[in-house]
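> Could you put the whole structure together from the sequences, leaning on the hints where they help?
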Amino acid sequence: MMIDPAAGLLLPVLTPLLAVALLAAGARRSGAALLVLAPLTGLGAIALADQTLNLPWLLLDARLAADPMGQAVLLLAAPVAAAALLFAVAGEGGRGGPPAGLLIGLGATLAALMGVVLAADLATFYFAYATMTLVAYPLVVHFRTPEAFRAGRVYLGMAVLAEAAVLAAVLLIAAEGGNAALAEVPALIIEHDYRAVLVALIGLGFAVKAGVVPLHAWLALAHPAAPVPASALLSALLVKVALVAWWRLLPIGDLALPVAGGVLVVAGLASSLYASVVGVTQRRAKTVLAYSTVSQMGLMTAFTGTALLEPALAGAALTGVALFALHHGLAKGALFLGCGLHGRHRGAYLLLPALALVGVPATSGALAKGAGKQLGAEALGVPAEPLLLLASALTAVLMIRFLLLAWRGEGGADPLARRAAVLALVLLSLTLPWLAAAVVAPQLVGYTAQPAALLDALLPALAGGAVAAVLFGLAGAARLPRIPEGDWIKPAMLAGVRLGYTTRRAWRRLPSRPRAPSLVALTRLSAAVESRLLALAMAGVLFLLLVLGIALLGILAGG
Amino acid sequence: MIDALQDLLPLWALLASLGTAVIIFALRDERRRQRTFWNLFGASVKLLLVALLVYGFLQGRSYQVAWEVVPGVTFHLAADPLALLFAMLSAVLWLVTTVYAVAYLENSAQRARFFGFFSLCVAATFGIALAGNLFTFLLFYEALTLATYPLVVHRGHPAALAAGRTYLAYTLGGGMALLAGTVALYAAVGEQPFSPGGSAAVAEWAAAAPGAATVVLALLLGGVAVKAALFPLQAWLPIAMVAPAPVSALLHAVAVVKAGAFGVVRIVQDVYGHDVAADLNVTPVLAALAAVTILYGSLRALAQVDIKRRLAFSTVSQVSFITLGVAMGGPLALIGGLVHLVHQGLMKITLFFCAGNYAETLGIHRIESLNGVGRRMPLTSVAFTIGALGMIGFPPIAGFISKWHLGLGALAQELYWVLAVLVASTLLNAAYFLPVLRRIWLLPAPAGWPGAPAWRRGAETHRWLLYPALFTALAALLAGVLAAAEFSPLNWAQRIVEQEYPP
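Chains as they are written, first to last, in our numbering: chain U, 1 to 559; chain F, 1 to 503.
There could be a bad hint or two in this list.
[Stated by the list, open to error] Pairwise CB distance ranges (calculated):
id, chain 1, residue 1, chain 2, residue 2, range
1, F, A51, U, K490, 21 to 29 Å
2, F, A485, U, A27, 28 to 36 Å
3, U, A417, F, W417, 50 to 58 Å
4, U, A200, F, E414, 16 to 24 Å
5, F, V292, U, P146, 48 to 56 Å
6, U, A495, F, E414, 55 to 63 Å
7, F, V292, U, E184, 34 to 42 Å
8, F, P232, U, A200, 33 to 41 Å
9, U, A187, F, E414, 20 to 28 Å
10, F, L474, U, E385, 54 to 62 Å
11, F, A51, U, G315, 34 to 42 Å
12, U, M493, F, L474, 38 to 46 Å
13, F, A431, U, Q450, 51 to 59 Å
Derived from the structure by calculation, the hints contain no laboratory data.
From a predicted model like this one, the values you see are computed outputs, not experimental measurements.
Quick reminder that beta carbons are idealized off the backbone N, C-alpha and C, glycines included.
In structure tokens:
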């Protein structure tokens, strides 16, 4: 029998699942080894770029393929996931290794992520996306603390609501084209009677995953609560899936959608600035990183928005977003994993990726921001320039805040494998984006070496450094306002609890027959009615109805 | 000779269940091994015969067993694809439930009575599936009511007896409405066999006397709506929860509730035809009632603390998806409704098996006692998780395939509010199932399970309790994963709809 070479596209999904099965069956050693190697099968899938795997018997005629956006995420996911899994497998050193539950959760999340990236039809894409959201929940609540459960509740609550929007969008699309190939979806949306609704549902549904303010609350709670490898996966890879979804589903490049594009640009930029400011006030290193993710995802959201505004820029914007995602994913993955080291000098591991995020010349950040700047100048004209510079400067302040908080570990030895995992990601974050840029956008590499671009990259970093010196050095960090993690969500939840409390108290004070309609009252009322119905001997009532019906029938038939 | 025997295959399959019932009634209560043998033998033979029926049907054979009872009234069994879908579902799940019930009721009294009526109940379900006209349908529909009553009151305590009374009051009332509707229809147009797309005579009559046709249709649907637990006739279902777990499983997944839903399909599609029913303005009302039931059932489920009661209200909600699919009309919605007939059965029976396992093994009846049970009973909990996620409509489990087609069907009919109902139901299902899963898998277990009887060390639970749950969970998963494959429930539903809506 000939084996279809495209069957290789199944490997990135099946390998982690096999590892999970081994782990669940108790084969710790082989399962863990396979798990670490599993992400690298994603690199093989990149080589199968022009293939489509048809599995007509699976789901609703499942198809798998690696489209350009998918290839970019695969290139990012393979090293980051491998490093995060190596970090997880290495354990704390001694004491029986990592808990199997964590490894199983990571493996399942990885398989679902690969499924999202490789899905080429609507149903498979939705399936993998929903699975990814759900299996990440045990990762968030891994430590079983009240804090973790609270983060999990917010994460799942927001995710399920977003999922409902996505489901509605998927069904609306499928009503026109059946279980369409993803490549045909943009065309279907353009022709769709409810185009505006669809674009809004897709935009909103995935904005939760992208962490666009104010839908970012789950991110700021979940990242600090989850174990380090899980945070790395969430922050470096899972949030990027929103970009994949937007680029695949929305008619980017074919049709100008000024409203949707404008909303994405404004929301993205606002998100970026807001998250940086709030992030600076945070007191835990991982929370600062979470806000940095919100900020950086805001920029990528804004770039996506420019492509919706100006279809002509779609090609450049895709390159820009892909490079930015690659750069951010590698650097953020390294930073999160670095936070899990205990050594006194862990700052040495964190410095380079932090500088990369700031966009210091010659780092991958300078490359990504250069791409963004070119795009912003062309699409939005002059006003974008100062905003982007401001965002860069704020990122610099945020990263300095992070380095100050995270520089000194609490002490203790780190297993070699953990240090190797972090180091590998640091090295890759310095090199891989440049290599990718040299292939897809050589002119960009030249652009970043120009004096003007160097100055552009250096200025905000220096400005940010100066602001940080004032904020943390002279004024002292203690003066910063206290903003709870997830900013608005805590007051909102407290208000909800208080509202429930006062309602219940007011309820009890009411005279015995309350008339105010409420859900509780309705359910109670219906229960009461139901028991009343039973007492009334329902059969008799039905019988009367029956007689009445027959009488009516006689009249009608006779007349 | 062989051919003649084969032509009577529907009758043999019916007799297989009836014969089993007779043998079991004849056995004394303490002859456990013999009864178990006959139970399993009967169920296996039945499954084999139904499989032969399906095979013969695929070979192009047509099975019709009919004889005139009184002039103008015929006892008629016919094997069309819709009948075979329901017959296959009941045959497979009967075997599984029998295995489960044997283990579940190992030490209880009155087992002969229980298993005897259990077999009668399945015989009646099979009759409902293969009924070829309204009279035959009515006959088995009433038989089902009577056969299930002893199962509901099996425990014999006051709560069970009260539940039985309620059950009888509701279902007999519904039966009377169905009887009246049937008599009126026979009086108006004479006997009409079920025919895909509705019978021409009924359509003519409906055009001539729309008022009378509407009332008769309302009577017929009102009659089956009781068993389908359509709002506001759903009250009996959660109360009937006092029955033993295998009975609940059978009631909710195959027999009673499904008989009602199946009746809705038959009456709307094969007696009146959807177009006629829509012209009479009955289907919009039916769709609205189904939507109300879906949301009402989910809201009530949220408030329950007893596992089985929450599952019962979830059934109220989920079964109405079938009615909704039929009422919406159009091929896609009908596929969604029909395929949910099977999918809901697989998922709900899994959930009830698991609830029974928790109760039997650890004495857990309430949701808050489920903390950490995933570590103590991992396989049961995996099965429960598959069932619960499927109910939410989580891909790739079977429930998603149903919801996909219902959603597409609604949009094809431009019923946009149905999409809102589907999304709301997804959210509500998530709201009452996900916290249960969180308790099972993530919360710490108590120091011990006080209600647990001494259990053999190392065993999760009785094997015969575990395997049925695992089997149905796997089936629910595969029905979703392999939905596009040939002979999947989806494929079969598409085959039925090709007949109802010829291209």
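> What are the numbers of the hints the structure violates, in ascending order?
Those not satisfied are hints 1, 5, 6, 11.
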